[in-house]
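Next come the chains, spelled out residue by residue.
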Amino acid sequence: MRILIVVSCIIVLVLLFLTMQVPKIAENKIEQAINDVQSASEVQIEDQEALQDVVMKIVEQLESNQRTRLKYLVAAYLVIWLVFMLYLLRIGKQQQTLDQRLAQIELDASESKDESIE
Amino acid sequence: MGKQIKILLPLIAILLFLSIYLIFSYADVEVSMLEVQKIFYLHVSAAMTVYLAFGVNFIFSIKYLIKRKSDDDLLAASAAEIGLVFCTIVLLSGPIWARYAWHTWWTWEARLTSTLVLWLMYIGYFILRNALPADNRRTFSAVLGIIAFIDVPIVHYATKFWETKLHPERGTKLEVLPTIRNTWMIVLLTFIILFVILLVIQYKTKKTESRYEAIRRKHLQEFS
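Going down the list, the protein sequences come from chains A and B.
Using this note's numbering, you'd call the opening residue of the first sequence number -2 and step up by one each time.
Using this note's numbering, you'd call the opening residue of the second sequence number 585 and step up by one each time.
There's no promise every hint is true.
[As the list claims (entries may be wrong)] Which residues of chain B face chain A? A few of them, derived with a C-beta cut under 8 angstroms, are:
no. : residue
1   : Ile680
2   : Trp681
3   : Trp686
4   : Lys791
5   : Glu793
6   : Ser794
What the hints contain is simulated information worked out from the structure, not anything from laboratory work.
All C-beta atoms, glycine included, are put in the ideal place defined by N, C-alpha and C.
Let the sequences and hints guide you as you build the complete structure.
Here it is, written out as structure tokens:
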């Protein structure tokens, strides 16, 4: 039981770690990519600043969309993990109660045995 | 803890890690739903495990009514309990998917509604078990287990019966990438093994509980 709980905790931590890894593209890399594309193609855009602005906004939008999707993904996995954890805790508590009851019944049995001997 | 469980526990630990690795690193990102599609691996696998769990409940409920062995009743109740846990997972992960895909948390679509009815029926199964005295409990819950199972094929074929467009219809040939299919197979296997482990644990606990109750009753009779 403990193994399952530990494994599930590790899985959740791994998931959270993975979600934090949304790659943010650096500005200089975007600039470099615009220059590379322009030098490779015949089309030249004169207003470089406006072009960079538009591309930056597109990249930001795409990154924001990805973060939203990952939020849904993590929410679903967390809910599933929570249900499993609650169920495992319930099983653990059930077994603990049962152990206590069995110990009590053993104690009662030994006490009644002693009384009958006396 | 039984020998079988001791063998299955490391196996399930490995499979859980493998599943997570496959979902996030191996499986391709599906083009229409992108990262959100990765909910599918757990959602659909949980739904399949629900069928299996309630199927086990159905078989052992029938067996109990024929042979009247208390072990069959305990196995049926254990399977129903685990099935209910997996059904809760289906009902909670589904709306998260739906919010992104259909822009709503819930809709009274045939499959969603029949799954909710299935969940409520098995909730009723446990309410009945707890409410009835020990003598009647087994027979009545076995009968309810058999009746509740009728909803499983309804859930499965709901998209065909009511021709809804939200869930893909049964028999629809979807072009699934091999990486997605392989990952789903491993996750499904993981869930099935997890179900078997939980079933054995629950069955043993319930059996010990019923033995304890029998001893307690015997003691009470002796003292009175």
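How the hints compare with the structure:
1. Among the interface hints, the one on Ile680/B holds; its C-beta lies about 4 angstroms from the nearest C-beta in chain A, closer than the 8 angstroms criterion.
2. For Trp681/B, the interface hint holds, since its Cβ comes within 8 angstroms of a Cβ in chain A; the closest pair sits about 7 angstroms apart.
3. With a cut of 8 angstroms, the hint placing Trp686/B at the interface with chain A is violated, because the nearest CB-to-CB distance is about 12 angstroms.
4. Hint on Lys791/B is violated. Least Cβ distance to chain A is approximately 11 angstroms, over the 8 angstroms limit.
5. Interface hint at Glu793/B: satisfied, since its Cβ lies 6 angstroms from the closest Cβ of chain A, which is below the 8 angstroms cut-off.
6. Evaluation of the Ser794/B hint against chain A yields a violated restraint, the C-beta minimum of about 11 angstroms exceeding 8 angstroms.
In the structure shown, a violation is registered for the earlier hints numbered 3, 4, 6, in ascending order.
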